[in-house]
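Numbered per UniProt numbering, the first sequence spans residues 1 to 313.
What the hints contain is simulated information worked out from the structure, not anything from laboratory work. Values in this document were obtained by computation on a predicted structure and should not be read as measured data. Possibly wrong hints are sitting among the right ones.
Said to hold, decoys possible - Cβ pair distances, simulated, as ranges: (1) A46 to P106: 19 to 27 Å; (2) P92 to A266: 17 to 25 Å; (3) T104 to V222: 32 to 40 Å; (4) A155 to A266: 25 to 33 Å; (5) A155 to T22: 43 to 51 Å; (6) A19 to A218: 24 to 32 Å; (7) R256 to D170: 24 to 32 Å; (8) T104 to A155: 36 to 44 Å; (9) R117 to R280: 34 to 42 Å; (10) D150 to A218: 15 to 23 Å; (11) H30 to A266: 27 to 35 Å; (12) P89 to D150: 44 to 52 Å.
Beta carbons are placed, not taken as given, at the ideal position from N, Cα and C, and that holds for glycine.
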Amino acid sequence: MPELPEVEVVRRGLERWAAGRTVAEAEVLHPRAVRRHLAGPDDFAARLKGRRIGTAMRRGKYLWLPLGDAGVSVLAHLGMSGQLLIQPPGTPDEKHLRIRIAFTDPGAGELRFVDQRTFGGLSLHPETADGLPDVIAHIARDPLDPDFDDAAFHAALRRRRTTVKRALLDQSLISGVGNIYADEALWRARLHYDRPTATLTRPLTTELLGHVRDVMNAALAVGGTSFDSLYVNVNGESGYFARSLDAYGREDEPCRRCGTPMRRRAWMNRSSYFCPRCQRTPRPRTTRALSPASPATPGAADPEPGSPEAPAH
DNA sequence: AAGCTCTCCTGATGGC
DNA sequence: TGCCATCAGGAGAGCT
Numbered sequence: 001m002p003e004l005p006e007v008e009v010v011r012r013g014l015e016r017w018a019a020g021r022t023v024a025e026a027e028v029l030h031p032r033a034v035r036r037h038l039a040g041p042d043d044f045a046a047r048l049k050g051r052r053i054g055t056a057m058r059r060g061k062y063l064w065l066p067l068g069d070a071g072v073s074v075l076a077h078l079g080m081s082g083q084l085l086i087q088p089p090g091t092p093d094e095k096h097l098r099i100r101i102a103f104t105d106p107g108a109g110e111l112r113f114v115d116q117r118t119f120g121g122l123s124l125h126p127e128t129a130d131g132l133p134d135v136i137a138h139i140a141r142d143p144l145d146p147d148f149d150d151a152a153f154h155a156a157l158r159r160r161r162t163t164v165k166r167a168l169l170d171q172s173l174i175s176g177v178g179n180i181y182a183d184e185a186l187w188r189a190r191l192h193y194d195r196p197t198a199t200l201t202r203p204l205t206t207e208l209l210g211h212v213r214d215v216m217n218a219a220l221a222v223g224g225t226s227f228d229s230l231y232v233n234v235n236g237e238s239g240y241f242a243r244s245l246d247a248y249g250r251e252d253e254p255c256r257r258c259g260t261p262m263r264r265r266a267w268m269n270r271s272s273y274f275c276p277r278c279q280r281t282p283r284p285r286t287t288r289a290l291s292p293a294s295p296a297t298p299g300a301a302d303p304e305p306g307s308p309e310a311p312a313h
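Given these sequences and hints, build the entire structure.
So this is what it looks like as C-alpha cells:
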C-alpha cells in the first residue's frame, strides 16, 4: 500500500545507499517484474550493467534512478507490495525476490526488488526534456511538489463530472494519493467520498489540499504507514503512521471527532472508510429537481442513500 | 471522449 | 483438516 510518503521514504534510502554506485550485474528472477520493459528481461539486465546510478527522483508513487548521463532511467513502481531493499553481501534471497542489482563498489551490497503480488516492477525508459521517464509523462505533479498548481487543480475539479475520491485517486489530476491518504484527507476535511467535484468551492478545495499535505507530511515524519511487513524502507523497517490513522481501517470504531461509529463501504473494488455524521452524504444530484418522476426515495433521510438497496452492480 | 469497470497477483483469513 | 471464497488495491487496458 505504498503511497507518496512511503515512496518518498524509499527514495531517500536509495539516495543514501544507491546513488553514485555502479552496477556490476543485474539479474531478473521473475519476468513479470520487468513487464513494462518491453524489450524483455535480458535487455533490461544487459543495459543496466556498468551504468552509474544517479540522483533518486520521485513523482507521486513513481520513483526513478537516472543512469549516468545516458538520458535513460530505471523507473520503479512498488505497486501493492513492492520493496526496494539494500541488502548486505551474503543476505539470503527473499521468498519473493524478483530482481537483484549488484554493485561494483566493495561492501555496497545489493539493491533488491522484492514483491509478493507482482503489481510493481522496474523498467528502463528515456527521459523527456524535463527529466521525466517518458512513460510517466501523464502523471500529474504531486501535492508536495512546489510547482503543484492549486488553482489549476481546482479548475480541473470543477470541469470534471466525477466524485471527489475518484478525483483524488486519479494520478493524472494529482499524484501520490492512494486509498489510505484519500480517506484520511477526506475525513479531516469532513467531505463525503461521493461528493461531486463540480460542487467544490475554491475554499473547500484549498482546505482539502491542505489536509492532503498535512497527512502526508505527518506520515513522512514517522517513516510512512505500515500494516504489516509488506511496506518497508530500504533497510526493511516499517513506518509508524498506522497508529495515527483516523479513518482508514477503523470500521465500527468511534470517530475521533464525534464518537459515531465509523463505516466502511465497498467502493470501486476496494473500501472507503468515513464517519457518517461528520462526512454527510452529498445531497442528491441537482438534476433531481428536474425529474419529478423519480420515485419517492424512501431513504431520503437515510444518511447513505443508494448503497444498501441499490442493485448489486 | 471522458468516465468507469475490469484485471493482473499472492497470501491471510474466515466459513463450513 | 481441507477447500473454496473473499479481501487487499495501483494503474492501465478496454469498454461505453
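Do the hints match the structure? See the list:
1. The given range of 19 to 27 Å is respected by A46 and P106, whose C-beta atoms sit roughly 23 Å from each other.
2. Separated by about 40 Å at the C-beta atoms, P92 and A266 break the suggested range of 17 to 25 Å.
3. Checking the proposed 32 to 40 Å range against T104 and V222 shows it holds: the Cβ atoms sit about 35 Å from each other.
4. The hint said 25 to 33 Å for the Cβ distance between A155 and A266, and at roughly 31 Å that hint holds.
5. At about 46 Å, the beta-carbon gap between A155 and T22 stays in the expected band of 43 to 51 Å.
6. The given range of 24 to 32 Å is respected by A19 and A218, whose C-beta atoms sit roughly 27 Å from each other.
7. Between R256 and D170 the C-beta distance comes to about 28 Å, which sits within the given range of 24 to 32 Å.
8. Between T104 and A155, the C-beta spacing of about 49 Å breaks the proposed range 36 to 44 Å.
9. Checking the proposed 34 to 42 Å range against R117 and R280 shows it holds: the Cβ atoms sit about 35 Å from each other.
10. For D150 and A218, the hinted distance range of 15 to 23 Å is satisfied, since their beta carbons lie about 20 Å from each other.
11. Look at H30 against A266: about 31 Å separates their beta carbons, and that is inside 27 to 35 Å.
12. Distance hint check: the CB atoms of P89 and D150 are about 47 Å apart, consistent with the given range 44 to 52 Å.
Violated hints for the displayed structure, listed by number in ascending order: 2 and 8.
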